[in-house]
Every structure is written in C-alpha cells, then in structure tokens.
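Number of protein chains: 2
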Amino acid sequence: MTTPTSESLGQNGPLKNSAVLVDGVYLNGPTLDLKAAETFVQEALTLILEEAVRKGTDVREKVCEWQPPARLTEILDLELKEGGEAHPQILQRCRDAMRYSVKTGHPRFFNQLYAGLDPYSLVGRFITEAINPSLYTYEVAPVFVLTEEAVLRKMMEFVGWEEGGDGIFSPGGSVSNMYAVNVARFHRCPDVKEQGVAAMPRLVLFTSQECHYSISKAAAFLGIGTKNVYVVSSDERGRMVPAELEKQVQRAKAEGACPFMVNATSGTTVLGAFDPLNEIADICQRHNIWLHVDACWGGAALLSQKHRHLLQGVQRANSVAWNPHKMLMAGLQCCAFMVRDRTGLLQRCHSAQASYLFQRDKFYDVSYDTGDKSIQCSRKPDAFKFWLLWKAVGTRGLEDRVNRAVALARYLAAEIKKREGFRLLMEPEYANICFWYVPPSLRNEPEGKEFWDKIHKVAPVIKERMMKKGSMMVGYQPHGDRPNFFRQVVISPQVSREDMDFLLDEIEALGRDL
Amino acid sequence: MTTPTSESLGQNGPLKNSAVLVDGVYLNGPTLDLKAAETFVQEALTLILEEAVRKGTDVREKVCEWQPPARLTEILDLELKEGGEAHPQILQRCRDAMRYSVKTGHPRFFNQLYAGLDPYSLVGRFITEAINPSLYTYEVAPVFVLTEEAVLRKMMEFVGWEEGGDGIFSPGGSVSNMYAVNVARFHRCPDVKEQGVAAMPRLVLFTSQECHYSISKAAAFLGIGTKNVYVVSSDERGRMVPAELEKQVQRAKAEGACPFMVNATSGTTVLGAFDPLNEIADICQRHNIWLHVDACWGGAALLSQKHRHLLQGVQRANSVAWNPHKMLMAGLQCCAFMVRDRTGLLQRCHSAQASYLFQRDKFYDVSYDTGDKSIQCSRKPDAFKFWLLWKAVGTRGLEDRVNRAVALARYLAAEIKKREGFRLLMEPEYANICFWYVPPSLRNEPEGKEFWDKIHKVAPVIKERMMKKGSMMVGYQPHGDRPNFFRQVVISPQVSREDMDFLLDEIEALGRDL
Numbered sequence: 049m050t051t052p053t054s055e056s057l058g059q060n061g062p063l064k065n066s067a068v069l070v071d072g073v074y075l076n077g078p079t080l081d082l083k084a085a086e087t088f089v090q091e092a093l094t095l096i097l098e099e100a101v102r103k104g105t106d107v108r109e110k111v112c113e114w115q116p117p118a119r120l121t122e123i124l125d126l127e128l129k130e131g132g133e134a135h136p137q138i139l140q141r142c143r144d145a146m147r148y149s150v151k152t153g154h155p156r157f158f159n160q161l162y163a164g165l166d167p168y169s170l171v172g173r174f175i176t177e178a179i180n181p182s183l184y185t186y187e188v189a190p191v192f193v194l195t196e197e198a199v200l201r202k203m204m205e206f207v208g209w210e211e212g213g214d215g216i217f218s219p220g221g222s223v224s225n226m227y228a229v230n231v232a233r234f235h236r237c238p239d240v241k242e243q244g245v246a247a248m249p250r251l252v253l254f255t256s257q258e259c260h261y262s263i264s265k266a267a268a269f270l271g272i273g274t275k276n277v278y279v280v281s282s283d284e285r286g287r288m289v290p291a292e293l294e295k296q297v298q299r300a301k302a303e304g305a306c307p308f309m310v311n312a313t314s315g316t317t318v319l320g321a322f323d324p325l326n327e328i329a330d331i332c333q334r335h336n337i338w339l340h341v342d343a344c345w346g347g348a349a350l351l352s353q354k355h356r357h358l359l360q361g362v363q364r365a366n367s368v369a370w371n372p373h374k375m376l377m378a379g380l381q382c383c384a385f386m387v388r389d390r391t392g393l394l395q396r397c398h399s400a401q402a403s404y405l406f407q408r409d410k411f412y413d414v415s416y417d418t419g420d421k422s423i424q425c426s427r428k429p430d431a432f433k434f435w436l437l438w439k440a441v442g443t444r445g446l447e448d449r450v451n452r453a454v455a456l457a458r459y460l461a462a463e464i465k466k467r468e469g470f471r472l473l474m475e476p477e478y479a480n481i482c483f484w485y486v487p488p489s490l491r492n493e494p495e496g497k498e499f500w501d502k503i504h505k506v507a508p509v510i511k512e513r514m515m516k517k518g519s520m521m522v523g524y525q526p527h528g529d530r531p532n533f534f535r536q537v538v539i540s541p542q543v544s545r546e547d548m549d550f551l552l553d554e555i556e557a558l559g560r561d562l
Numbered sequence: 049m050t051t052p053t054s055e056s057l058g059q060n061g062p063l064k065n066s067a068v069l070v071d072g073v074y075l076n077g078p079t080l081d082l083k084a085a086e087t088f089v090q091e092a093l094t095l096i097l098e099e100a101v102r103k104g105t106d107v108r109e110k111v112c113e114w115q116p117p118a119r120l121t122e123i124l125d126l127e128l129k130e131g132g133e134a135h136p137q138i139l140q141r142c143r144d145a146m147r148y149s150v151k152t153g154h155p156r157f158f159n160q161l162y163a164g165l166d167p168y169s170l171v172g173r174f175i176t177e178a179i180n181p182s183l184y185t186y187e188v189a190p191v192f193v194l195t196e197e198a199v200l201r202k203m204m205e206f207v208g209w210e211e212g213g214d215g216i217f218s219p220g221g222s223v224s225n226m227y228a229v230n231v232a233r234f235h236r237c238p239d240v241k242e243q244g245v246a247a248m249p250r251l252v253l254f255t256s257q258e259c260h261y262s263i264s265k266a267a268a269f270l271g272i273g274t275k276n277v278y279v280v281s282s283d284e285r286g287r288m289v290p291a292e293l294e295k296q297v298q299r300a301k302a303e304g305a306c307p308f309m310v311n312a313t314s315g316t317t318v319l320g321a322f323d324p325l326n327e328i329a330d331i332c333q334r335h336n337i338w339l340h341v342d343a344c345w346g347g348a349a350l351l352s353q354k355h356r357h358l359l360q361g362v363q364r365a366n367s368v369a370w371n372p373h374k375m376l377m378a379g380l381q382c383c384a385f386m387v388r389d390r391t392g393l394l395q396r397c398h399s400a401q402a403s404y405l406f407q408r409d410k411f412y413d414v415s416y417d418t419g420d421k422s423i424q425c426s427r428k429p430d431a432f433k434f435w436l437l438w439k440a441v442g443t444r445g446l447e448d449r450v451n452r453a454v455a456l457a458r459y460l461a462a463e464i465k466k467r468e469g470f471r472l473l474m475e476p477e478y479a480n481i482c483f484w485y486v487p488p489s490l491r492n493e494p495e496g497k498e499f500w501d502k503i504h505k506v507a508p509v510i511k512e513r514m515m516k517k518g519s520m521m522v523g524y525q526p527h528g529d530r531p532n533f534f535r536q537v538v539i540s541p542q543v544s545r546e547d548m549d550f551l552l553d554e555i556e557a558l559g560r561d562l
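Each protein sequence line maps, in turn, to chains P and U.
Heads up, the first sequence is in our numbering, so the first residue is 49 and it goes up one at a time.
Heads up, the second sequence is in our numbering, so the first residue is 49 and it goes up one at a time.
Wrong hints could be hidden among the right ones.
Claimed, not checked - Listed below are the simulated DSSO-like cross-link pairs for lysine-lysine, each with C-alpha atoms no more than 30 Å apart in a straight line: (1) P/K517 to U/K410; (2) U/K83 to U/K129; (3) U/K103 to U/K516; (4) U/K516 to U/K505; (5) P/K410 to U/K83; (6) P/K410 to U/K465.
Read the hints as simulated data drawn from the structure, not as lab findings.
None of the values given here were measured: they were computed from a predicted structure.
Put together the whole structure using the sequences plus the hints.
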C-alpha cells in the first residue's frame, strides 16, 4: 500500500485522509459521481413520463412501432463494449427502448391477460425499485414483509377463509401452480421432501383440458411426469365436467396410483371459463384429494358482488393462486399463492433453514422472517404495489373495475352478434370474448372443411397488419378443433365502449379484402 | 341497455356518442382521470428521488429507521378498506414506506450479497416498470427479447464458451439452480419429463457442504429428495475437496444410483470460497456427469483480468448460474442461467407449446419467442437494466468495480489484523470478509468452550444495537463449528476505505462494554 498525491486521484478530488492504494486501486472516497447520477436519473424520468406514461397510454398514439428482429438489432446497437457511453447516448438508448416497445398500458392493447397502467401501482413499483429490497427477512424488508402479510390476509378474506390461512407471493402464476403441486404432494407424503418421488406411490394429479399449460410444466419440473397428469374433459363452454373427473380418479385408483391433487381453473386462459368448484370439491372431499384452484385470471371476480358467484365454492379449496397483475392491474408481477392450512405446512414443505439468513438468535420475533416459505432466496416485494393501489382506490374501486370490464365484454359480445361477418364462439361469462371474423369473400361459402381452413388463415394476416400499422393488438389462437379465432380481453378502466367499437371496425378494415 | 343523460355520468363529462349502460355500468370514455394521475406520479417521483435515491444513498443518513413489527403495523395503517384514500394520504404512505425501509443502496448496508444503487440500472428498471412487458414473445416484448439475448451472449463470452450456448434470465439464483438440476436430469434421462422421477434409476447429485441452500431446496422441489444430495466435504477455506467428490461418486455408483450432476460453487455465500473447477470438471468428465457452476455471487470475477483466475475451468461447465444483481449492482433481480448446449436442450426440457401464446403461424421468425424455454409464463425483463448499465459503464467500468470491491476487502482484512479485539477467520479471496469481534472483557480469557460460547453471543447484540441506531447493517451467522461471526461484504463503488474504517470503529463502539 502506497500513498499517492491527491492529484493522482483524478475524479476523487482532494483528500482529507491519506489515500490508500491496494492492488492498484485507490480506495478513498466514493467513485460514483452522485451529482451527475442524479441529473441523469432526473432527465431519464422526464423521458419515461413522456414516452412510456403519457404517450404510452394515449389512445391517439400507436400501440407498437413494429420492427423485425434484424432491423431492431441495428437500431438498438445491442453489442456491449469495452468502453462506456456518455449520458446523452444512454438517454437516446432509453428513448429507443421505449419507442420500440409494445405499450402494454395503451387502451388498445388487448393481447394478453393483463393490460393498462395504474398510477398507484406504478408509483409502488418505482418505490420498490429505488429501495431495492429483498423479501426474505423482516430485518432487511420490514415494510414489505408487513404489506405482503396484509394483502394476503385481505385476499384470503375474499377467498372466504374465515379463519385465515398462509401464503406467499411468487414470480408468476406458473410458479404459484408449482407451489400448489409441491404442497399438495408434501401434504400427502411428507417424506417426499427427503426421499424424493421415487420412494412414493405413483402420484397422479387431475386437471381439465382447458387448464393453463403451467400444470404440465409443473408436473415435468417437479419430477411427477406429464403422463401422471390425468386430463379431464370439459364441456363446450370450457368447464371441467365433474363426472369425468370422478371417472379419472377411479381410473387412477384402479391402477393403484395415488390421486393427490385436483387443479380446478377459475377463469381459463382462452375461453375465460370457470370450473364448477362445489361439485369438484365434493369429489375431492370424498377421495381426500387436495383441491387447488388456479384463479390467476378469474380471482378478481371475488371482489365483485355481482360476479363472485363464478367462483362459488372456492372457500373449500386447499390452495388458491390469484394474480392481481392481471385484471386488477397491479403490474407484472403480482401473484399470490395461498393455502388454507394454518399449521405451517408451507414453511415445512419448503424450508431449508439457512443459518446465515434465518438466524434464530435475532432480537425480534423471527416468525416475521417469512423467506423460508419460498423456493426463492432473494424475492421481489410484489405485494407492495398492490397494497398501495388498494389503499388508493379501496375495495369499491377494485370492484368497479371488475364490473366495468365484464360489462364491456358483454357490450362487445352484443355488438359482435349484431355485425355481419363477426361470429361469437360463445357468450362471455367473464372478460374473454372469443370470435371469428369472416371476410366478405367467405360469407356465402358452405361451412365445410375448406371454409374453416380459410378462416384459420384470416386472423394471422389481420394480426400482422394491425401490428405493422400499430393500431391495436389482440391475440388469436386455434383451440382444440376450432381454427384460429380472436380472443379479446378487457381489463383497464381506461378502456371504453369506443375502443370496443374501434376493435370491430379495425378488424373489418384490415380484413375486408381477405 | 339504456341511454342516460350526460349529467348522470358524473366524472365522465359530456359525451360525444350516446352513452351506453350495461349491467349498471356506463361504458363511455375512460374512467381514469389521466391528468390527476400524472400529477400524482410526478409528485410521488419527487418524493422517491428525495427519500429513496438522495437520502437513501447519503452516508450521513441512517441505513434504517428500526421499528418493531407491532409499532410499524400501526404506523403504516396496513388494513385495506372499502373506500380509497386521497392523493395527499397516499403520498404520506409512500413517504412512510420509504422512511421505514432499509436503505439497501446506502454505503453502509453490508448485510447481503447485494448493495448499492446504480443510476443506470435504476433507470432501466423505471423503464421496464412503466412499459410493463412480459417476456414470452417477440411480439409483446421485442426490445426486451433482444437485449436479453445480447446480455446472455456477452456473459457466455466471459464464461469462455467460444461457440456460445443458450440461456434465460430467472427470478433468482435459487431458481437458476433449479433449472440446472432439471436440465441435467433431462439431459441424462429425457424420458423423465413425461415419465417422472419414479420411472428413472435413483438420481444423485453432488455439492459441497458450503453450497447455497437452494441446492437442497431444488432437490426437494424437483422430486429428487434431499437424501439424494450427496454432500462433499470442503477444506478449511470452504472449497470442495475433489478427492472427496470422487469418493462420493464412487459410493453412489456402488449403491447402483445414477450420479447425474455436480454443483460447484464459485463464491460461496458465507466464506466467498471458489471450488476448484478444473479438478471437479476432470471428475465429471470421467464419470460423464453434468457440471453446474453456481457462480451467482462469484461470476462477476470473470470480468476482471486480475480475479478471473478464481473461476479457472468454468468454461468446462455444462451450465452456469450468475447473478449480476449481486456484485454488478444490476438491481434485484437479475439472474442468468446459461447452458453450453446449442441443440435446444433448454427448450426441449421446459417447453409445453401453448398454442395461445406460441403460435407457429406468426408473420415473423418465431425462434425469437423464447418464453417456452422458461418454467414461467409471464416473466420480467430483468436483463434490460443490466444491458443499459453495461452500455453506460462499459466492460472496463464493470471490471473496475470488481477490482475495487476486492481491493477494499483486502484493505479491511489488513486492518482487522492490525486491530486489537478483531480476529479474521481467513484471508479473503473475494469480497467476503469474515471476522470475530472480541470485547475487552474476553480478551484475556482462555479460548475454551466457555470463551467461544460468550463470543457466540456478541454479534447478535452488536447487530441489535447497530439496527436500533441505524448506523450500518452487517450480517452475522454461525458456520459449522464456528460460533457467530460477522460477514462483511463489499460491493458498491460508493463504498470507500472510510466506510471500512467506520465499520470497525462502530463495532468496537457498540460492543466495547460486552
């Protein structure tokens, strides 16, 4: 260690203490120029408010500024180099990143099961990003541990668990569903944690053909195997048929397997269907099977007096997954996994008791160190933004949003039935509206295989055109035997009937010549 | 549907089209007051910049404003109610949330393997929160798909995979390690995805006693069972002993089990040790075992010419986990999981081919729809903030940070050796400095069981006092036979030798009377 003159320190300026050099590095004073950093952050924020918030939610602006991958690669100058770039260049990169991103907060972004930009949630997210906490212990994240607990408690109240339960926020509904499979399995065979699946009877779980694909991902990831997911058929509206579930359970039993979990879906991804929970719960009760309800999308209906009947029986579930980042606009990601158990099952199932993190000799009540319930170590405080949003709009405000979204869906369905060339798959129960557009050239064709093959090709072309124009985004997919159809999803309170009318007009304008 | 008068619409104001009422909800125009929302966001941002950014990184401010759970519950008024709250109240909630949060960006937050606040990463995070993308398809997240790819490519270059590889960002190092276990298992037994673990030979994986606890969580979660994690002993510095690994592999083989993966750690959590990768790779090669390197913490050393020798041999790994949110300050979370395989293994292992999301008839190259490599469905664009940071400071800037952190660690170790009452566990190789503080009352006691029992109680008391004072935060833990000691971690370029000196002075001031 040598002591340099203050001149040799450059940006660090004159030193009060003698400078210290270790391994060729001067260690005095911070090396970050805080003043310049602050100015940069200020300038960037002005840009973000303009580009992402103001323009990003302005119906007169484009939803997206489409560029193909090769061209966008050039524009963004992706390569990471030896030297850094000055602030003006970095600000330009920020501008480009926003410009060429899809504006998911735009009133005409209808592409996924989330949309819109809520100002309270956004502020909550800015706070947590600036604070950068990790949610393992009360010690490092006191505010976020408590707000997570408060949100879970309230959500469980709406699930109808009068005596409460337990829960954790997870990075996505898929992970919540994995939690469900793991907890259900552990509940049935506590030895599985130590012994593994190989030492257990063959474990089988049940779900409908309409369920989210994360159930099969979970079965693969958790070592159960996708062949041990017994698929239960659904009715024409996409709801699980309880009699079919009973048959599948009987089949598994006859095979000598161990049926340990049923996954019911409240709000399926494509059709927005709700499985009949009470009838499913009866079967689960009879066979002593864990009932998990994937209410990631449909859970929001619980907040509505008008629509909570869709989840009738949900309080009988052993576990529930519910994503407020979808219908309730809490911002990606915000995903609760909840169990009715109050004996510490979640903790026992997942804990590894790391002594460097979950010390038992801390000076406060370590039951607030909730991190060992999780499969994660560092974890984002996803509940906070939802807590802030809920504080701001109240339960009534959330209920209004749900009611409005479903009402808009009904309005759209009614309009579709009135318009020539549009065909509804089925009346919506919730906020998914599925429909075909039939271009004029096909309207008088007989509805055979050829007709449907042609219909199948319509949606992808219209989608390409709307993306290149940037006027809106709406998803399409085939589904079982059904050829490609549009799935419109209504969420944001910024959306109005004018946007519904626009959607239909625009599809017609883009597809009329097909 | 009825048509109301414009008066009855209240906040919606006069209507251009006739109003539409469905299910008691008026559907015309947006219900969100965008002007008021913007003002709110602006005001909140001013607050965030002041409280979380400026004060949160100011060495003269407290690291934390400690409150016990019961008191903090009252202050925050956690309960969620029927009605919402007005903006001034919500702003007060924001202020409180920041005030009572731990300032992880503070120069004296030394408590975890992450710290500091980087302005570029912060701006990157503000952008992604405002844009709110989900990283499943190029269609909805073009910029974020490309920046993720660019970052992975560059990181793999530093790993030393000259021909590239494949990868994905995950929500935490624990999840990355789970990916490793799953991919290694699938590589060995491709049938496991469909058939499950029960249909396979008994799968055994190996890791050192010093590894992160997520390896055992992974074994439990993935249905392998914690008993099938064979623990390999480490030397006194915390490095896996290759001869012991060989013995464990032989043992598993003798038992008729299938050894499928070795987890080596580059930068262990507590001691900061680096397993000898080349010797471990030799054993893996000989036995045809997948080598995963958990470089979540130590990966940053790859960017330093001076320190990359710590990971010598890492290019021989089959997979690597590396978290830029730790040493490189990309902000929680930023976690890369990378595989050397270039045959699509990651995709085959995890894909479920959801037809509503990964349509094959899209109008662009769907190989950019990378989401099916993931176990998640919606996924945050965690690579972007790191891309922006890297663009801003360049590889050289990142290297300087690593070099400075390690130099500071060496400085601190040297100071500890000079000071009476401080005792170093071992010379640091990286940025973890582990040490005991021996209060004056114990300095002349014989070093028997009684002495160490007393030492064990010192760190928790000093920790309590520093938290209540808010002067700094540093972690402690017992470790094997060793009683509680402090683990100091150096990361941020805002930290200087003055902070290192402060740390020692402060521990002495807080513990002198013990």
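Hint check:
1. P/K517 to U/K410: holds, 16 Å
2. U/K83 to U/K129: holds, 25 Å
3. U/K103 to U/K516: holds, 18 Å
4. U/K516 to U/K505: With a Cα-Cα distance of about 17 Å, the restraint between U/K516 and U/K505 holds, given a limit of 30 Å.
5. P/K410 to U/K83: violated, 47 Å
6. P/K410 to U/K465: holds, 28 Å
Hint check: a violation occurs at hint 5 only; the rest are consistent with the structure.
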